[in-house]
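K.L.:
Below, each chain spelled out in residue letters.
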Amino acid sequence: MIYVVIAAYLIIAFVGCRPLFKKKWWAEFAAYLTLLTIGFSLLTMQALGIRVPSIGQGIQILMMDVLHIGYH
Amino acid sequence: MKLEKDMISNSQMAFLLGIYIQGAIFCTALVFHITSRSISLISLTSLAVFLTFVFVYIKLMRLFPGHNLMGLNDIVFGAYIGKAVSGLYIFFLVVLTVANLRLLCDYVVGNYMVETPTIAIAIVFLFVVVWAVYAGLEVMARIGMLFFVIVSVFTGVIFLLSLSQIEITNFLPQFDISLIDFVRTNHIITTIFFGESFMFMMFIPCMKQQNRLGRSLLFGLIAGEISLILSSLMITGVLGDMASISNSPLNRVLRQVDLGQVLSRMEFIVTGILTFSVFMRIAVMYYAATIGLGQLLGLKSYKPLVIPIAAVVLGLVVPIFYTPSAQIACGISTWPFFSSFFTFVLPVVTLLVALLRGFFKKREEECG
Amino acid sequence: MKKAAAVLLCAVIALVAAGCWSSGELNEFAFVVGVAVDQGSAPENILLTVQVAKPSGFKSSINGGGSDEEAYWNISNEGETLFNTVRGFTHESGRKLDFQHNTILIYSRDIAKKGLGDCMDLFIRDHEFRTSTWIAIANERAADVFGVDAGLETLPAVEIDKMMDAQQYNSQSYTIELLDFLKRLKSDTTAPIAPIISIRGEGDDQDIHISGTAVFHKDRFIGELGGMETRGLMWVTGNVKSGIIVVNCPCDQGKAELEIFQAKSTVTPVLKDGDLSFLIEIKEKGNLGSQTCRENLAPTKKLEALSERQNKAIKTEIEAALKKAQELNADIFGFGEAVYRKYPKQWKSMKDQWSEIFPTLDVEIKVQSEVYGTGNITKPVN
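Residue numbers (the numbering used here), protein chains in the order written: chain A, 1 to 72; chain B, 73 to 440; chain C, 441 to 822.
Worth flagging that the hints you see were computed from the coordinates, not collected in a lab. All the pointers check out, no bait thrown in.
Restraint-style ranges between C-beta atoms, simulated for each label pair:
1) Ser481/C / Ala192/B: 42 to 50 Å
2) Ala192/B / Gln793/C: 48 to 56 Å
3) Glu520/C / Gly344/B: 36 to 44 Å
4) Gly534/C / Ala192/B: 26 to 34 Å
5) His72/A / Thr124/B: 22 to 30 Å
6) Glu510/C / Ala398/B: 47 to 55 Å
7) Gly641/C / Ala192/B: 51 to 59 Å
8) Gly344/B / Gly534/C: 28 to 36 Å
9) Ile252/B / Glu510/C: 54 to 62 Å
10) Lys704/C / Gly58/A: 52 to 60 Å
Since the structure is predicted, the reported quantities are computational estimates derived from the model, not experimental observations. For glycine and all other residues, C-beta sits at the position ideal for the given N, C-alpha and C.
Please build the complete structure, drawing on both the sequences and the hints.
P.N.:
Rendered as structure tokens:
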């Protein structure tokens, strides 16, 4: 599983960024690679079985326990 | 400055909004957990509440013609705070896309493809969404019109077929509901069904006839509202109190409906058709997130961001909620508040700040 | 336009393509058409019997040949819990059971007396089961019902499915889908009901027989209604579609048979000075279907006399049902829900005492029936 994720990452990263090399390409390229890396590190963590923090649960805790708003 | 160059007609915008609201059809499970008898009527009061916010959105759009949500943030709040506010919006849009995608995946996994991992369905679905976003707003608006017609026709047909099973007694007594539940149901429908269409502020500047903005939005909202009312009438009428314990009351109704002895067990086809609307809903959110981010980072085009955002969305779709029931629990308790912050509070604050900084006056002076 | 078409095509393909993961070939599944739940050998066990359709057993219609084997296979499995027992079938069957096409769910009376709640959850929760299946209570062992020769159909379960549909022509057994049963079960006051299915005859001459209605308190079987009482119940709930009412001829010896064409009912709770009573109004329209007496029943006066008798007959049926229901203290009519719909505020205080209010409830029955046509002849032959 993890190899599939890494292979997909490498393919998308190298093939996908090719059309970006025009004038002043670095901004597009940096955004492209950063986001792709974030996404694929999340996928890698899941492939390795590491529990990724849940945004949904984060919202629950933030609203209910910290801000004390929400329906019971 | 805005990144999308496509222009769409007013009617296309209306239909896009219509199908966007139809796409909330799988969210119906949330409200039926609280009450089932008067959802159809409550959806009307919710629409009325939402229209006041639509007024705020239109006011903002009129105040800064040619600028979309991200653009006017920069003007109203200044370069730095404006960017921060835009960042918040983009965060919300991404989370919203993920949550909607997850809801759809859970629906498919829970009812039809039980052995398939959620992520597999998410990948396939996102693949189509990415394609649509690549194609641009104009193409999305065009297929949106087509999908709107298809989904509306199917909703109507299913409603007619279910008429024989609808029991009027399931609707009575109307409004035997505590005040807090009434407010809560209203809140959920106003935010999740209607409110999350605030992102249309990203596309409104692309509309050809700006002076007919209000009419187009109203048409879209009413068109979406009609199919929501039909589906909630169907769910309440057929299931009655059983709707409150069902994970997906809509699916239960679809399974109940058949055309005589001949065409029974056809819910998979109907679900497939209804999925079109969810597809458009997710595509619109995704597109808004992409062009928003592209604009925030000052890119020349949003296209380089499409695939990386897909990777982020895929990375989040499974861990956003550990279980399907966690999503429902969040949806009926805290999500409406979380969502209200972005859909209602921030736009109203933006309008107030614009008021305080005297943009109203400037506009009047410019226009004479 | 090309781009739009491409996206549309893509959408369709992608929606279908994901299906490959959970795919299954037709010959990998055994399609269950009926499920029967019985008491197992140990008190805590349940015995689950399913009827599986056997495609090789279906006789080919073209050459009239085919094998002589049965087109179904009944297999049983015993276990303590339901889902485990269902999966346990793979110890006996090479194909995984598929319940998508299940038509009927039969519980034995023993199980029903203990309470259906223990062996019902799976049928609602699991995605393969449908709530549009019939539910019935077997008088004897539920599994035996699937062994009875199927009459016109190839599969006994399908025969029962068709019979359930046909019950509307006699209106003497209250056929009910699982969903409606569950709605009654979920209601605070309304008592669930289900038709009773039994086997008549001996040896090779056995027939399936559906008649009468089982009455539940929550999920426990507490009593049953006969055919007449059942129709009394159906008059009130408005489920009478057709049926025959037999009355005495007005002047002569003999009987007249009236066929029910239309029936409508309104149930109105009346709350006066804190006293609750009910008004049931039935409107019925029927035809003279057959007569055994010699007098001519076609004149308007005679028809009116017949409808008088019909009124009485209907009223008697309703009274019988009401008496039985009050004896059992089971609100099979949904009177409680009717009060809730009309008086939601007062209902709150009544709800908890409903088991005390219902048995002594005053009910006024008004029947207005009409005998309309006389069929294809205007006078009797003899």
